[in-house]
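Peer 1: Sequence:
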Amino acid sequence: MAGHRRKVRARVYGNVQGVGFRLWVRSEATGLGLTGWVCNEADGSVTAQIAGLDEAVSTMIEHLWKGPAGASISRVDVEELAAGNAYVGFRIVA
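Residue 1132 is where the sequence shown starts when you use this note's numbering, and the numbers rise one by one after that.
Bear in mind the hints are in silico, worked out from the structure with no lab data behind them.
One should not assume that every hint holds.
[As the list claims (entries may be wrong)] So the derived label-pair ranges between C-beta atoms look like this: (1) GLU1186 x GLY1149: 28 to 36 Å; (2) ASN1146 x SER1189: 21 to 29 Å; (3) LEU1154 x ARG1206: 15 to 23 Å; (4) GLY1134 x ALA1173: 34 to 42 Å; (5) GLY1149 x ALA1213: 26 to 34 Å; (6) SER1205 x HIS1135: 26 to 34 Å; (7) ASP1174 x GLY1134: 34 to 42 Å; (8) TRP1196 x GLY1164: 14 to 22 Å; (9) ALA1217 x HIS1194: 28 to 36 Å; (10) ALA1214 x GLY1151: 25 to 33 Å; (11) GLU1210 x GLU1186: 14 to 22 Å.
No residue lacks a Cβ here, since even glycine has one placed at the ideal position from N, Cα and C.
Build the full structure now, drawing on both the sequences and the hints.
Peer 2: Here is the structure:
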């Protein structure tokens, strides 16, 4: 359905810290018109909550499987969330 909004939480595993992954996620998400946040996790993974139009969210999930130069992705777990309120912008959190 055109204009359908979606929100997901994605956890990305592999070599994703120390390679500019969070900056890359913010840039990719912003370019797709998405909102949300991204952060490093203590176990070496990266988590992102992403909200926006369904097609753009699906595209971002595909991008997460590729990552920036220097990253090596072994797994991406995606959890659907209630669409609810949108975020303002896309930010990197601690």
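Peer 1: Run every hint past the structure and note whether it holds.
Peer 2: A quick look at each hint next to the structure:
no.	hint	result
1	GLU1186 x GLY1149: 28 to 36 Å	31 Å, holds
2	ASN1146 x SER1189: 21 to 29 Å	24 Å, holds
3	LEU1154 x ARG1206: 15 to 23 Å	21 Å, holds
4	GLY1134 x ALA1173: 34 to 42 Å	38 Å, holds
5	GLY1149 x ALA1213: 26 to 34 Å	33 Å, holds
6	SER1205 x HIS1135: 26 to 34 Å	30 Å, holds
7	ASP1174 x GLY1134: 34 to 42 Å	36 Å, holds
8	TRP1196 x GLY1164: 14 to 22 Å	20 Å, holds
9	ALA1217 x HIS1194: 28 to 36 Å	20 Å, violated
10	ALA1214 x GLY1151: 25 to 33 Å	30 Å, holds
11	GLU1210 x GLU1186: 14 to 22 Å	19 Å, holds
When held up to the earlier numbered hints, the structure conflicts with hint 9 and nothing else.
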